[in-house]
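Residue numbers (the numbering used here), protein chains in the order written: chain F, 757 to 897; chain C, -12 to 329.
Among the hints, erroneous ones may be present.
Covered by chain C, per the in silico footprint, the following chain F stretches (three or more residues, Cβ under 8 Å) [as the list claims (entries may be wrong)]:
1) 839 to 848
2) 882 to 892
Negatives, chain F to chain C, calculated, CB over 12 Å [to be verified]:
3) 786
4) 818
5) 832
6) 834
7) 854
8) 863
9) 876
10) 877
11) 896
I should point out that these hints are in silico values taken from the structure, not numbers from a laboratory.
All C-beta atoms, glycine included, are put in the ideal place defined by N, C-alpha and C.
Chain by chain, the residues:
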Amino acid sequence: VVIPARILVAVDGSAGSHEAVRWTARLVSGSSSEVVLVHATGLLEHLRTARPRPASAPGSGERLEEWARPLSLAGIPWDVVVADGPPAQVVLDTARRLRVDLVVVGSRGEAQHPGGALGSTSAQVAWYAPCAVAIVPLDAS
Amino acid sequence: MSGLLVVEPTGHERHDPGAGHPERPGRVAAARDGIELALAGAGQVRFMAGRPATLEDVALVHDRAYLDGLMAVARAGGGELDPDTPMGPASWSVAMDSAGLGLVALDELGAGTASAAFVLPRPPGHHASATMGMGFCLLNNVAVTAARLRARGERVLVVDWDVHHGNGTQAIFWDDPDVMFCSLHQSPAYPGSGRADDVGGISAPGGIVNVPLPAGATGDVLLAAVEHVIAPAADRFSPDWLLISAGFDAHRDDPLAELCLTAGDFGLLAERVAELAPGPARTIAFLEGGYHPDALARSVGAVAAALVGARHHPEAPTVGGPGRDWVDDCVRRRMHALELAW
């Protein structure tokens, strides 16, 4: 099995994104793959963050450390991109910009779509991503 | 009749994003209070209730699959389009009520009952695209009215001074030669769009005008942006109507962003932007963002007064913040992008 060289993992603090990070940690363990976490900053995060709030430093560092813990515990180095915008758009833009080989998303992020009536982030990413996409189910572990 | 018509939603309280969410029902009451304080004493304002848009009205700008999805979410009891944008069981009908407010204002202005209109929809609309709600927005209220006008063969100028870029409105009219979209917004900030060199699609080069501004920008900077970037483009476009996406989250007290405007700045901004309309009874302002109740009331009052040629500045205008060089840079970037587009 060839492990993708550069992997982007979408994180938002949800159970689905935690599972995506755990799955990625298992996938790349022992390889030299590069892992980048991407987090989309929504409007409400401005309320949770002390002002002034440059978008490049959203004050979410502690949360990101927590979200990346499965990688850190496995000794896997990781980087992070935080950007303002809707989650699917931020993930897709970052995937294109970093030319990643694989995008990993949880099957259900923080947003809920009853009945699947509206496209979820994972569905939009799967549809439009410029590379392979892994959608990790909640019970992947 | 001269004076301002204010069209209000009924029952919007049924869309309640929950405790702690800044897009709360009290925003409409705050805006109304601000208008009454500014204009009621002079007898220059009339309030009326709106009526819902029809499915055909909103389908002029939104995909049917998206509309069906919103209805399904509401029928299922609610959900979240994203972490910012919750829906409850009544959110669909409240959004339809809000989308109809501008259409009521159009009819009233056409009948000569007012010289300008201010509509107070909530939830706001300018982040909603044809296929996606986000950033508190479900239906794009200003776009629904612009689309009605466009269908009548009229040319529409949309000026959006909400602190966040109106990505939904931009996307809807990206390649439409009959609608010009102009935005003043903080950058970087949510939703991450609104570059100065985004000038529109191949059928409408120049139809998008974005002026990104840095945190801390004051009123004089926004006025310079209107003067040097938006007004020249709008004058060339020669609109039949002016629609304003009037967000008030660029106020210095607002918790969601870092521009530094006051009510006086919004008043001056509205005075200058109103000059871009082709004549009386051709301007409708739409409430977008604005999440500090007192700042919202003061600022809406200042804009309401400006729309009927009066001046009401409960806070003094501001000068001296950063960003004047951003305006000049915007002119250069836009010119370069247009040369490439043409």
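Consistency of the hints with the structure:
1. 839 to 848: holds (count 7)
2. 882 to 892: violated (count 0)
3. 786: 35 Å, holds
4. 818: Holds, because the least Cβ-Cβ distance between residue 818 (chain F) and chain C comes to about 18 Å, which exceeds 12 Å.
5. 832: 27 Å, holds
6. 834: The claim holds: residue 834 (chain F) sits with its nearest Cβ about 22 Å from chain C, beyond 12 Å.
7. 854: The claim stands: residue 854 (chain F) keeps its Cβ more than 12 Å from every Cβ of chain C (closest is about 16 Å).
8. 863: Label holds. Min Cβ-Cβ 16 Å, cutoff 12 Å.
9. 876: 10 Å, violated
10. 877: At roughly 8 Å from the nearest Cβ of chain C, residue 877 (chain F) sits no farther out than 12 Å, so the non-interface label is violated.
11. 896: 22 Å, holds
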